[in-house]
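Model the full assembly from the supplied sequences, consistent with the hints where possible.
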Amino acid sequence: MQSLAFKYFYEVAQRGSLSGAAESLDVAVSAVSRQINQLEKRVGTALFDRSSRGMHLTAAGQMLLKHVRRVNLETEATFHAIAELNDAGKQPIRVACTQGVAHDLAPYVMARFTQHYPETRFSIFVSSAKVATERVATGESDIAITFSTTPSDAVEVRYACSASALAVMSKHHPLAKRKRLQLDDVQRFPLALTDQDTSTYKLYQLACNRIGKWVEPSVISNHAEALHAYVKHSQAVLFASYTSVAGLLHDYELVAIPMRNTEMHARVLQVQVMRGRQLPDVMDTFIEWVVHRLKQLMAQAPQ
29 MQSLAFKYFY EVAQRGSLSG AAESLDVAVS AVSRQINQLE KRVGTALFDR SSRGMHLTAA
89 GQMLLKHVRR VNLETEATFH AIAELNDAGK QPIRVACTQG VAHDLAPYVM ARFTQHYPET
149 RFSIFVSSAK VATERVATGE SDIAITFSTT PSDAVEVRYA CSASALAVMS KHHPLAKRKR
209 LQLDDVQRFP LALTDQDTST YKLYQLACNR IGKWVEPSVI SNHAEALHAY VKHSQAVLFA
269 SYTSVAGLLH DYELVAIPMR NTEMHARVLQ VQVMRGRQLP DVMDTFIEWV VHRLKQLMAQ
329 APQ
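Position 206 of the sequence shown, counted from 1, bears residue number 234 in the numbering used here, the numbering being contiguous throughout.
Everything labelled a hint here was simulated from the structure, so no lab data went into it. Some clues are possibly wrong.
[As the list claims (entries may be wrong)] The following label-pair restraints were derived from C-beta to C-beta distances: (1) T178 / A87: 17 to 23 Å; (2) Q90 / R62: 18 to 24 Å; (3) Q263 / R208: 18 to 24 Å; (4) G304 / R208: 37 to 43 Å; (5) R62 / D225: 40 to 46 Å; (6) H95 / P202: 55 to 61 Å.
[Said to hold, decoys possible] With a Cα cut of at most 25 Å, we get these calculated BS3-like pairs of lysine-lysine: (7) K207 / K260; (8) K241 / K207; (9) K260 / K205.
All values reported here derive from a predicted model rather than from experimental measurement. Quick reminder that beta carbons are idealized off the backbone N, C-alpha and C, glycines included.
Shown next, in the form of structure tokens:
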């Protein structure tokens, strides 16, 4: 009974109405309404606010939805683990990450992981940091590897490390021999930045606010590789974490130099999972591999 009630509750939450849920489930509206009423009676509070515009989750409903999503994922993982006993197919490990992680870190670890666990499959979704976190919180992805400037209660952080924004430029750049740089130094040259939704752009804004000097970027792009190539062939400077560019420095003939401005250090790179979810063993092992690689990169990063 509880499983059926949860199923109907989940559909109403997804569709926003009894009729939408009934259509999705191919049952009568009255059947859905009855299950929701019984569930609300059992928990002792309203799970939805009813209005002419549909049904919207209350605070209690949002709490229950998180629980239902977590239970669904763990049930699915158990079924797949049982299927694997009979050599049935495996579900992919669903990774959500930002561009900087997708360029080198994630595929590097995936490639080495599949050498040791050849049956493992992956699905990688590249997005903004905010979306990557949201996907893990809602169960659309299993693991997020993403930058963060503020904490989130929606996820559990398995590992975090510094992700300072370094000044990245051609090794032939006039500033390339410097050990550390101030924002004033960099602003004398063209700037190449990722778009406004990225943490790197926000760190640059914070640093500019602190010194009271804003310099408009010469190039803004949502495609990091275009910025890498632009910087390689010009005297422009971009900002990026060492994790994002470590695999590019040699091939693109670039250098990465730490910034003195404290605002450029105000973020971390996190490995996130759904809060309270019990992951399959293979996902826990993959996270260990990601953390190991991050520790290697942190040891190599310029200080």
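Worksheet entry | C-beta pair G304, R208: status relative to the range 37 to 43 Å that was hinted | holds (42 Å)
- Quick one: are H95 and P202 within 55 to 61 Å, going by C-beta? holds (57 Å)
Taking 25 Å as the top limit, are the C-alpha atoms of K207 and K260 close enough?
Answer holds: K207 to K260 is near 19 Å, not above 25 Å.
For the pair Q263 and R208, does the Cβ-Cβ distance stay inside 18 to 24 Å?
With Cβ atoms ~19 Å apart, the hint holds.
Is the hinted pair K260 and K205 satisfied, with a Cα-Cα distance of at most 25 Å? holds (16 Å)
query = For the pair Q90 and R62, does the Cβ-Cβ distance stay inside 18 to 24 Å?
reply = holds (22 Å)
Item checked: Supplied distance hint 17 to 23 Å, evaluated on CB atoms of T178 and A87 -> holds (21 Å)
*Cβ-Cβ distance between R62 and D225: within 40 to 46 Å?*
Cβ of R62 to Cβ of D225: about 44 Å, so the range 40 to 46 Å holds.
**Asked** Is the straight-line distance between the alpha-carbon of K241 and that of K207 25 Å or less?
**Response** holds (23 Å)
No hint from the list above goes unmet by this structure.
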